[in-house]
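Each chain sits in its own coordinate frame; assemble them with the hints.
One line per chain: the protein sequences are S and B, in this order. For the first sequence, this note's numbering gives the first residue as 1, with consecutive numbering after it. For the second sequence, this note's numbering gives the first residue as 387, with consecutive numbering after it.
These aren't lab readings, by the way, just hints derived from the structure by calculation. As the structure is a computational prediction, the values presented were derived from the model and not from experiment. Hints should not be assumed to be uniformly reliable.
Said to hold, decoys possible - Within a straight-line C-alpha distance of at most 30 Å, the following computed DSS-like cross-link-like pairs (lysine-lysine) qualify: (1) Lys-608/B / Lys-419/B; (2) Lys-419/B / Lys-503/B; (3) Lys-503/B / Lys-474/B; (4) Lys-503/B / Lys-616/B; (5) Lys-469/B / Lys-13/S; (6) Lys-67/S / Lys-83/S; (7) Lys-465/B / Lys-419/B; (8) Lys-13/S / Lys-616/B; (9) Lys-503/B / Lys-608/B; (10) Lys-13/S / Lys-474/B; (11) Lys-465/B / Lys-13/S; (12) Lys-223/S / Lys-83/S.
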Amino acid sequence: MRSFFLATYLAIKEVMRNKGRFFLVALVIALITVLVLFIAALGEGLSNANRQYVANLDAQLVVFLEKSDYSINSSRLETNTVKSIRRVEGVEDAGPIHTSNSQIVSLAEPLKVSILGVEAERPGMPPLLEGRYFRGGEARETVMDGSVAERTDLKIGDEIEIRSTQGTKDEFYTLKIVGLVDEQAYSFQPTLFLPAATWELVRPQSESDLNSDTPNPNIIAVKLSDPARVEEVRLRLQNEVANIEVADIETTINNIPGYTAQQGTVQTQGVFTLLIGILVIGGFFQIQILQKVPQIGVLKAIGSSNAVVGLSAVIQIIIVTGIGVGIGSGLNYLFSLVLPAAIPLAFNGAWSLAAILLLLFIGPLGGMVSIIYAVRIEPLKALRLG
Amino acid sequence: MNSVALEVRDLVKTFSLDGATINAVDGVSFQVKSGEFVALVGPSGSGKTTMLSILAALLTPSSGQVLIDGQDLAQMNEKQRVKLRREKIGFTFQSNNLIPYLTARENVEFMLRLNNKRDRAGRVRSDELLARLGLAERLHSLPAQMSGGQQQRVAIARALIHNPAVVLADEPTASLDTERAFQVVETFAHLIHENDRAGIMVTHDLRMCQFVDRVLQMQDGKLVRIYESKQEIMELAQGTLKH
Chain S
1 MRSFFLATYL AIKEVMRNKG RFFLVALVIA LITVLVLFIA ALGEGLSNAN
51 RQYVANLDAQ LVVFLEKSDY SINSSRLETN TVKSIRRVEG VEDAGPIHTS
101 NSQIVSLAEP LKVSILGVEA ERPGMPPLLE GRYFRGGEAR ETVMDGSVAE
151 RTDLKIGDEI EIRSTQGTKD EFYTLKIVGL VDEQAYSFQP TLFLPAATWE
201 LVRPQSESDL NSDTPNPNII AVKLSDPARV EEVRLRLQNE VANIEVADIE
251 TTINNIPGYT AQQGTVQTQG VFTLLIGILV IGGFFQIQIL QKVPQIGVLK
301 AIGSSNAVVG LSAVIQIIIV TGIGVGIGSG LNYLFSLVLP AAIPLAFNGA
351 WSLAAILLLL FIGPLGGMVS IIYAVRIEPL KALRLG
Chain B
387 MNSVALEVRD LVKTFSLDGA TINAVDGVSF QVKSGEFVAL VGPSGSGKTT
437 MLSILAALLT PSSGQVLIDG QDLAQMNEKQ RVKLRREKIG FTFQSNNLIP
487 YLTARENVEF MLRLNNKRDR AGRVRSDELL ARLGLAERLH SLPAQMSGGQ
537 QQRVAIARAL IHNPAVVLAD EPTASLDTER AFQVVETFAH LIHENDRAGI
587 MVTHDLRMCQ FVDRVLQMQD GKLVRIYESK QEIMELAQGT LKH
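Next comes chain B alone, as it looks inside the complex (with noise of 0.2 Å):
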């Protein structure tokens, strides 16, 4: 393990819904080091998915603070904002995650042309990457042509293409059968652990946090346990931990 990539300490965001007010996550503080992969799940409403948008950058806290990369998320106006989410974080989602008309290799190689970067050895990476995560014959694939599972793997290159401090993923496992789910997350931690990224996956499939270095769970908006033994993790995992 290695430096903390983020940090997230006290954080607070509340709305309003019909004159009452809604804590969506309650004074959540943690860590997660580069080559870490931790699992961040609970039960619908808990607060995940709230953590997550707050973590991209994407929605802005009541209170606390959020870093990454030692960047505190609170002190950037939007175009700091757009720059930290193209160059420190990758993403992948549940659904709608790839650019429809771009092939498997273009929607990897967009990240790259996001940042620049897209020179000769950019391009071999990319390539290198598709192959490892098993799409070598599917470079020129359009999304539509693609399975579930190869759209998620496509989406896996493209979020890790760039190098980027934090990799976020939305429950990418929600629209595939259980046995594609195990392929996409076993390489997606496999990958974080490789290239020294810090993942953050939010689940609600917790046979998923097999591969994870650590869960976190979350109810009410609350960090209500943390589950760092191996042991304990595939208890969860397998349904089999006591309360």
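Here chain S stands alone, though its shape is the one from the complex (with noise of 0.2 Å):
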């Protein structure tokens, strides 16, 4: 104990006298840190827009058009293969998911979106955070992503416009905004929900899909009676109803195209910044401490332990990584607090204090190399000798 507090009673006298220096070296650690975290929140803000109203669904198993390999594009399924999973022992529920893109003109400036036909109060149609349903039919209503509300000035009540490119021509739809649900981001583009036979008609379609007016669902939402059994029902689904594939949500959020690829890129940089950021912190206390070889020789001659020594150095690391990661997290909390919310960053509380305890952590890692150096700085360097 009596090695703890002089090492940091050395630790702090020598950080609070070579302020300046240390400083920098904790600014050049919140840099890191800011990088991280910025990564991590762009990761995790990215993922969201992508897989966002997938994540939220309230079901636990996606069904796909058999060999569709689980992609929402390539599934197009039969309108009643979704009476045919309700049926299903295990299954409470089943809703019919259809996905386009489509685009709102009524505003300043065009806003693209995602159109998911869904069905009011079934699988697939997220709960409202105020308003109602829209209504059966080709009810010309919709349910809109707060997050379209909080760019722009749309509420309840207001109507917008959307374009849509069918056949060689583009249509022009108005909808009713009936109610808003909290944030549903489906790939990368804020969402506007539709009954089904009024996405038919207004998603942009090919010259040959514009003789069918029969809405084929992408994918069908299962809720299940027991969530517990996914994995039996999943094969019961597979077993009793024809021409399908069934997958769990995170395998429909991995198959979601592009999404593996995209989180594999921004994990990897991830990765390589908090390398960079162990090699700047080794680099940065291992010459420190090579120009300190005879003073921690003559703290040794004099009596001093390895474990003050080495401790001290310790300390000192955590002291100046502490600073950086603290000055670091708070430059990025004011960050998200300015930035605009069109720039997909998500700062998750649980991975910034993941991001901001390995930071904690490579600081010591990255030290590791001038500790070990220090300890074994034989006392004799304090004399000629060495």
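Structure follows, in structure tokens:
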């Protein structure tokens, strides 16, 4: 314990008497922290923008067309499949989901949106934040993603105009906003929820699609009576319903086009930033220890133990890393307050905390070589013999 | 003169260099009593710094015995040697003497901290010692803000503050001008005598020997001559000694 107090005393005195030098290193660590947290937030933000709707589904399984490789875009199911699924034992409810894209053109700047055809109060339709669900049939009503309301002045009761290319023509449709749901981005775009028949009417279509007015769902969200029996019901569905394949939510997310590759890229960037951090901290402390060889020699010669010398180096690294990570986290928090909503950054508390803990860990890790070096310095270095 | 504080018995230290064996210290024996200040002199390569390193428990001898305050260094493990250095030995070095980020007072008190003796009495003694060394105005100065002589005096205070049995000084005047060097060694000698410690100073500057009680002359690792009479020592210091 005495070694710890002595080491703390030496470490704090050295840092306090060399504030400029240590502050500069803390600042470098702060910038690394900003970068790491920024990348973590970007990863989370991009991930949210891509998977948010699927991740928040009130369902445990997702049904795809057989051999569609769990790709939502490639899957196109028969309209009566949903009824067959609802009859399978263990299924509480199932809701068809039709996916497409459009553009709100009635805003000052056109806004690209995902349009999802769903059934109100069925799996696939998120819970309302305010307002009401759309009526069935071909009601020209929509429930809108809350993030659209945040970005624009749109509110419940307003009408929006969307544009879809159908065949070779641009068609315009007016929809009335009747409800809002919490953030439900899908495929990097905010979402408009529509009744299936309306969706079929307003979605972009090729010339051949125009001949049909039957909305084929891309996927079906399946809510189970007992969420613990996922695998059992999944197998039963595949056995009892023809021409389908069934995935859990995680598999569905991982098969969203580009999702895995994108997350891999972001995570690699994060790992490399941490590695750079380790090298920077390691390099600084190694140079510092090399400069202090005679001084450490004197400390040992007059009776300081290896524990005091080693602990002092560790405490110093922890102090500098702590200050750097603290400053970096503060800067990052300020960024999170001022950055526009259009930038896909999500400052997830758990991820940020994990990144901060990791950053605090890389300090001593980076300084490990210098700490070992300091402990191994011979006290003879204090004398001319060294 | 009091009890024997340091005893060296038939000490040998050999090094291997390019296949050849070098006797850096070759069968040296001597004693230093409490309250005695001894100079260890000799030309470069005579083995005096190797000797000092062994006395400081920083280097293990090839054979022979070193006893500090009755404790045999050869019987100690590394942890015990560290404890011995902390409790029984005081050091001043040629350069890089002080911890650069501690003030004069903190440097001296650090020895008390190491020995868990930094109580009120210890702190008062530390300030008194620094004041006696003419550093009352420099208590809060960092080493970089002090002259070489002032730094050496702080080092002397640090070497004595914890009442060690033996005080070792490695060329304490090497980086000082003549006037400062005389002042520092005179003060050092005075404090050694006053505090009844055993002091050993390695020096190549024979003029500094005028302040010591005995001079041990080394050559080629051997103790070749011991000057004990005051007259001989003064003649050696003044360069008038006839061999």
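Here is what the structure says about each hint:
1. Taking the CA atoms of Lys-608/B and Lys-419/B, the gap is near 21 Å; set against the 30 Å cutoff, the hint holds.
2. Distance restraint check for Lys-419/B and Lys-503/B: the Cα-Cα separation of roughly 25 Å lies within the 30 Å cut-off, and the hinted pair is therefore satisfied.
3. Annotation: proposed proximity of Lys-503/B to Lys-474/B holds, straight-line Cα distance about 14 Å (limit 30 Å).
4. At most 30 Å may separate the alpha-carbon atoms for a hinted pair to count; Lys-503/B and Lys-616/B exceed this at roughly 38 Å.
5. Simply put, Lys-469/B and Lys-13/S have alpha-carbon atoms about 24 Å apart, close enough for the 30 Å limit, and the pair holds.
6. Only pairs whose Cα atoms come within 30 Å are accepted, and Lys-67/S paired with Lys-83/S is accepted, the gap being roughly 21 Å.
7. A C-alpha spacing of about 26 Å is found between Lys-465/B and Lys-419/B, which places the hinted pair at or below 30 Å, so the restraint holds.
8. With a CA separation close to 46 Å, the supplied pair Lys-13/S and Lys-616/B exceeds the 30 Å bound.
9. Taken as a hint, the Lys-503/B and Lys-608/B pair is broken in the structure, with Cα atoms around 39 Å apart against an allowance of 30 Å.
10. Note on Lys-13/S and Lys-474/B: the hinted pairing holds, with a Cα-Cα distance of about 26 Å set against a maximum of 30 Å.
11. With a CA separation close to 26 Å, the supplied pair Lys-465/B and Lys-13/S stays within the 30 Å bound.
12. At roughly 13 Å between alpha-carbon atoms, Lys-223/S and Lys-83/S fall within 30 Å of each other, so this suggested pair holds.
The structure fails to meet hints 4, 8 and 9 from the earlier list, while all remaining hints are met.
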